[in-house]
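Chemist: Protein chains in written order, with our numbering: chain A, 542 to 886; chain B, 542 to 886; chain C, 542 to 886; chain D, 542 to 886.
All clues stand as given, with none of them false.
One copy or any two copies: either way a pair holds, since identical chains are not told apart in the list.
For lysine to aspartate or glutamate, the following EDC-like pairs were computed, each having C-alpha atoms within a straight-line distance of at most 16 Å:
1) Lys791 / Asp714
2) Lys791 / Asp713
3) Lys611 / Asp634
4) Lys636 / Glu680
5) Lys545 / Glu572
6) Lys547 / Asp634
7) Lys611 / Asp633
In short, the hints are calculated from the structure, not lab data.
Protein chains: 4
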Amino acid sequence: MTKKIKVGVIGASGYTGADAVRLLAGHPYAEIVVLCAHTHAGQNMEDIFPQFTGLALPPLQKVEDVDWSKIDVVLCGLPHATAQDVICTLPDDLKIIDMSADFRLRNADTYAQWYGRAHTAPALLSQAVYGLSEHYGDEIKSARLVACPGCYPTAVLLLLLPLVKAGLIDVDDLIIDAKSGVSGTGRNVKESNLFCETAEGTQAYSVAAHRHAPEIEQELARVAGCDVVVNFTPHLIPMNRGELVSIYAKSKSRAADIRAALASAYGDAAFIHIGATGLVPSTRHVRGSNYAMLNAFDDRIDGRVILFAAIDNLVKGSSGQAVQNMNLMFGFGETCGLEQQPLAP
Amino acid sequence: MTKKIKVGVIGASGYTGADAVRLLAGHPYAEIVVLCAHTHAGQNMEDIFPQFTGLALPPLQKVEDVDWSKIDVVLCGLPHATAQDVICTLPDDLKIIDMSADFRLRNADTYAQWYGRAHTAPALLSQAVYGLSEHYGDEIKSARLVACPGCYPTAVLLLLLPLVKAGLIDVDDLIIDAKSGVSGTGRNVKESNLFCETAEGTQAYSVAAHRHAPEIEQELARVAGCDVVVNFTPHLIPMNRGELVSIYAKSKSRAADIRAALASAYGDAAFIHIGATGLVPSTRHVRGSNYAMLNAFDDRIDGRVILFAAIDNLVKGSSGQAVQNMNLMFGFGETCGLEQQPLAP
Amino acid sequence: MTKKIKVGVIGASGYTGADAVRLLAGHPYAEIVVLCAHTHAGQNMEDIFPQFTGLALPPLQKVEDVDWSKIDVVLCGLPHATAQDVICTLPDDLKIIDMSADFRLRNADTYAQWYGRAHTAPALLSQAVYGLSEHYGDEIKSARLVACPGCYPTAVLLLLLPLVKAGLIDVDDLIIDAKSGVSGTGRNVKESNLFCETAEGTQAYSVAAHRHAPEIEQELARVAGCDVVVNFTPHLIPMNRGELVSIYAKSKSRAADIRAALASAYGDAAFIHIGATGLVPSTRHVRGSNYAMLNAFDDRIDGRVILFAAIDNLVKGSSGQAVQNMNLMFGFGETCGLEQQPLAP
Amino acid sequence: MTKKIKVGVIGASGYTGADAVRLLAGHPYAEIVVLCAHTHAGQNMEDIFPQFTGLALPPLQKVEDVDWSKIDVVLCGLPHATAQDVICTLPDDLKIIDMSADFRLRNADTYAQWYGRAHTAPALLSQAVYGLSEHYGDEIKSARLVACPGCYPTAVLLLLLPLVKAGLIDVDDLIIDAKSGVSGTGRNVKESNLFCETAEGTQAYSVAAHRHAPEIEQELARVAGCDVVVNFTPHLIPMNRGELVSIYAKSKSRAADIRAALASAYGDAAFIHIGATGLVPSTRHVRGSNYAMLNAFDDRIDGRVILFAAIDNLVKGSSGQAVQNMNLMFGFGETCGLEQQPLAP
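Excised from the complex, chain A in its bound form:
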């Protein structure tokens, strides 16, 4: 029997932190031994999230009060900018899986440009591996610091990376219309996240200004071999979880070829579904699970195709991919702790 690794979660009182706890609680080879949440230090997880009642979880602590020497890996669910300040204080031999945006952009200048502040841990930045599990598996296996992709980039890149690599779609005119459930904005207590400001309505946000755009462009540029600028337009949908990206792309190929290319690229991937021909991916196909549902359709405009990817923004888009990366880093089966089937309805 495999000995269990000792895992910590920082930022356990946020949605991604809590979802990591939900998944780790059922992981056969991981034991949660440290939970950190700054303002809630001293409380128990079940005081904040009563759904965890009955689990024997450690009490919430401040990061600075933790003895990290016995911990194998930490998942970090802190807000952007805070993460880098905390992570740079952790011991060098502690493996870190970060779910914030702090280590995703490989270039500190790009970071500064989009986040409006200089990166405070550029040395760590150059060390970080981009944690898109299906595409950077080898680097992740040997990484000390993994930067899990944003939820939108995860969905977008799972679709586009194999197609751009294969030369099947153009990168010069990519329109990405994205739709996310409200948990995508985190547990921030702000007016725009109130039920009455989000239920029974929809709208775009961060138009031509969302911070996931440079992350998408960075990764597409690497495989395209040229600079890429995309249209990325996220919309807020009145649902808790779920993320759908609808991508409108120029292509000389037809949907059938694209489906074939995706199937070929993801033949062995445990979490990637290519829908049957004509199946329109829905967020309800993946809710609560680590799966992604992809598909492609011919457009009526000549030379264009329509691509869809649906994921759960908190799972494959964050804590699930973090656990998947942990599995890669420690040599566990890739699906350990992630076997839950989607919850529908």
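Since chain A is already given, all that's left is putting chains B, C and D on it; use the hints.
Modeler: This is chains B, C and D only, laid out in the frame that chain A set:
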């Protein structure tokens, strides 16, 4: 004081029919004297829609049992295909405002191609006026049969017609990603409309095959002077009402110019709002009302702009525009019966 | 033609304030000339609520900057406790319709007990008239300060007052299970009002401790002639608007008698619907309108009946009743500005 | 290693059937070898429920086409009345866990009275064991046919059975106000289940006439030793899953004693949580899981207490409890296949 006109509503048990009744009940110059609903004939509206309790509405009848001789105008909310069969039985001097798709496509062949059946009233088809109130006002004023646009085409064309006319955007690469509340699919009792199949999730539907595409293309072609093929991809959003179209268009102009062009085109229009610079149109800005909220943004891709229009699919997208057209046809103030402010939250 | 009265709204940036503006904007005899919102002073309503785009509304001001001398009446939508501090600064000859809880409890000691602070304007308290329009119409007509009932008490008392008066139900064992949409908690930016904390779930709140209980008990005691203690258990429902109270009461009468008593009590009331026999009141019967839908059913337990009332918490439960009271105070028709039919779906 | 049992699911295209498949797919000692769905026979589960893409599930069959000889147990998710007609055709040595209402009422006359038809398999009825896992564990272990309780009775009885047994509450005046997500009504394609008829609103249904009342009364009567009639008033809540029962009961005890009695009764129960003092049970505490969250509060009315239970209607209220019963019948650990933590948000 203006004498009240006598109005009938056919298909009163559907959502568009009922919403027409809601609006007409408060109209200062219209009196509802006939209500038709085939399977519910003999019942009262409040038996089906208890929200109408207390209104003195006529009982539901079958169309064939109505004496139409005293009626000035009828609003027809029947399903597609049924509408043409019923409307061709109505007296020649009865004005008709049809909310179905039956008389929107000016070409019977296009109709047959998209609806999979020959049009059974081609003579009426050639008579029909396309009821986009802000753009066909003059024709509507003297029309006998007005074909109200589909909900999606209403939102799309309010945005695009002035811009295409002004040569500000290209028509050869229009990407229209649309989002609709579930009432957009009508009151059809089918599995995909169940709460548990639509709540807490989102997905596209009728990909590259939605029947509102040819309607949009028909109207754009008239102003563009050439054939037009658009990408039109509707998505189902877990909300009752509301429709948002996100349009990604090639343009040599910038958003500021486009906003100016829209403002100029709609200077006098009572129901068209151009949002302040940077305001992202939301369906909650127009819920329950006849308003449309439009706006434009610069894309990060050179030579592209992002356009949004939000309407209430049942009001401006159907029964509200029908009442607006009725006002035009009878010389009433254009806002009569349509003064309700949006309901938010 | 009646001259329009000049109306102010204080607390215009909250949900009840904004809903008052929505209703007043369509009132034939009222003109909004002053809008106050402390932290938003200097902005326009459409900056905060874009649904008001196009209405010619005055800019937002601070209360202390207003010249009240030309104003006929003010509707006050401030939070509890704040309201009393502001209202006591207003001129003596200004009529005030308060939508907060500050002047509902007639006894300053009861106020102090439930609100945990001494009332700072006890003189005003003794002047205030309880603004349940259908039951205190005469007092309201001549009042200077009207305290609009809470949303729950409105629904509960519309059902119970006539029945207790008529001796049809017992007051000693009233179980009131109430359900409210999230707007009932106001526009407070707090964690429990976030979409992800309220959507797709339900729970009770303020169990045996909600501040609407003493208000209900105060009014029931007046007609019962004895002290009353009720069970009042509110639940949060994932919807924007709407309030349903399910009351379980001991009665020697049957539902038919109770329905008859309600019909008799509300024969002339414009906004009170008694549902047809067997019709179960739903919040969707009244959404966005000033109506209440009431009904009664026999329980299977001998000697018990089940009563329901549905209202829109922001309209009949707050700003709509405020406008109705304004109509009474100024001798307008009771339905002026409140003619909107319910919005369903 | 334990050999896997061979399991069939009848009615696999309904919500309870599909949720059973979701849970069984992760069960360490069960293998799904037969799936039945009458109208969908010949299709695959993933054609109907794309969330099952990638699972190696058997194709859907008709019940009469199955060779049952190698099957150990079948979970039956057929609609009421249909279930008895199908189950009586199954081999005598096949263990059956029925999720319908057909075998819950021990008395065929009571069945006939509430379901309006004579029971067609009264011999089976007398054989059936009531499958409330925590209370009938011993009978379930040796049962051939287990009738899983209704979702509402599960929540109600988990709360009340220990308290009635202990003499802590009276059974003569029980008010049970229940709230359910829409999946509680099944996947029936009927108007009242449409999104637009259920979203953004709430109402009671089956007032004083719901078929779960006699089931609750039957079980309470057994422990009370006398006939019981309860008020049971279910309400439909705009959410997919989740069930909350709010029970108003006469009691000489206080909430603290009741909490203690519940804790004592369920000391060893894996799925029963007694919330911390003051914690109000929410459906989001149990979503997607087999847990129940219980709690008790003092009422302000003397001699009364307020009790709450929250479950997921499709899991603990149906398929989860079915799997729990299967575990009991085959000697597996009670939590096998049911370890998923609740999904929140």
